[in-house]
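Novice: The hints should help you fit chain B onto chain A, whose structure is shown.
There are 2 protein chains.
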Amino acid sequence: MVVKVYGPEYASSKRVIVCLVEKEIEFEVVDIDLFKGENKSPDYLKLQPFGLLPAIQDGDYTLYESRAIIRYYVEKYKSQGTELFGKTMEEKGKVEQWLEVEAHNFHPPLYTLVLHTVFSSKLGITPDQKVIQENEAKLGKVLDIYEERLSTSKYLAGDFFSLADLSHLPFGHYLLNGAGKGYMIRDRKHVSAWWDVISNRPSWKKVLQLFPYPT
Amino acid sequence: MVVKVYGPEYASSKRVIVCLVEKEIEFEVVDIDLFKGENKSPDYLKLQPFGLLPAIQDGDYTLYESRAIIRYYVEKYKSQGTELFGKTMEEKGKVEQWLEVEAHNFHPPLYTLVLHTVFSSKLGITPDQKVIQENEAKLGKVLDIYEERLSTSKYLAGDFFSLADLSHLPFGHYLLNGAGKGYMIRDRKHVSAWWDVISNRPSWKKVLQLFPYPT
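Same order as they appear, the protein sequences are chains A and B.
All you need for my numbering is the position in the first sequence, starting with 1, plus 112.
All you need for my numbering is the position in the second sequence, starting with 1, plus 112.
No lab work stands behind these hints, which were simulated from the structure alone.
Watch out, some of these pointers could steer you wrong.
Same chains, same label: a pair holds when it works inside one copy or across any pair of copies.
[What the hints assert, rightly or not] Capping the alpha-carbon separation at 27 angstroms, the derived lysine-lysine pairs in DSSO-like fashion look like this:
hint	residue 1	residue 2
1	253	148
2	301	158
3	188	135
4	199	135
5	250	135
6	293	317
7	190	253
8	158	250
9	199	188
10	250	152
11	158	199
12	135	190
13	250	234
14	301	135
15	250	116
16	253	152
17	148	250
18	116	318
19	158	317
20	158	266
21	301	152
Predicted, not measured: the structure shown is a model, and the values here were computed from it.
Looking at chain A on its own, in the form it has when it is part of the complex (with noise of 0.2 angstroms):
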């Protein structure tokens, strides 16, 4: 059965596919047109009832939230692909804790951050100097906690590549792509290290190629 997954070139949706080619997992794409209103569609509400992306269908099998699909793949394909969630079962807790660390700690600021410098034209939001450095600020605290993190550790959640670093590729993407604040990124020695090695992922790099960002 092949993957559908909806909406590939936001960023949410990109965290499923950059799972699913590390995995090896077969998938195709059904394009949902944020800036047009497809995801308040009523098909695609029955599939997602938030109007949220991303959404997969699986033969009659369907689930958004990507960070539940990702776990979902993750555990499916155990055994095919990059393992993700470490080889026993204390990695994996270590990988979940830095899974919600990304959800909950850096995520936000940063999805502030974008909204406020990348997409305020497209969205009619008039860029908040207040809002942005309250969030820069925030992001830099969380990204300096990283760094002490990082400085005996080669990714977060142990020496190996996992579901929490994967996670942080599609939103880190616009620090250092849009954004305008690669600097946040490079002023950390070993969290810039460290983006370089995920970014450079021959699976981030086919995702990019694959699915451009909307502009």
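Specialist: Chain B in isolation, oriented as in the chain A frame:
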């Protein structure tokens, strides 16, 4: 090994504790007083560098982020206590989906509501009626989708109690206790019935009895 749970009185830590009770896992607690800043002490920051609750210590193993901790223990004690991830991989996928919905759709507006109602005086926040109204409206839309889901399914992920339901207990409790927003549950027939079922589980009653909420 007895699991040590830090900060048992706070809502996020209760997410861990109710899970340990469901899984029949022995634990002890370590008090952390947020209002005295004990979560920023050097010792606690070694355990949880972001200074957030909860964290656990289990022999030499430590973990933080409540939703990571509960996933870890549900897998580690798969055949003990309540089965909180369902029986199949597909059921587990749906549990993960609704756990993410809890974290990203249900929790953020509710958390803001709780800050501006329950804890405003303790935190020195002037309750902002506009913020309260906006977040109540957001949460209401989320609960409308829950209402539809729960009209065809006894629990969120299917016809079985799971981590997805459990994860709503600690902050959902505030809607009916302290925030004065119980009508948001009670005005929605299926949400109300679901809430009664999950909040009457012996595990949750035990948590409330053992560890009263901070006032």
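Novice: Hint by hint, where does the structure go against what was stated? Just the numbers, ascending.
Specialist: Checked against the structure, the hints that fail are numbers 5, 7, 14, 15, 19, while the rest are satisfied.
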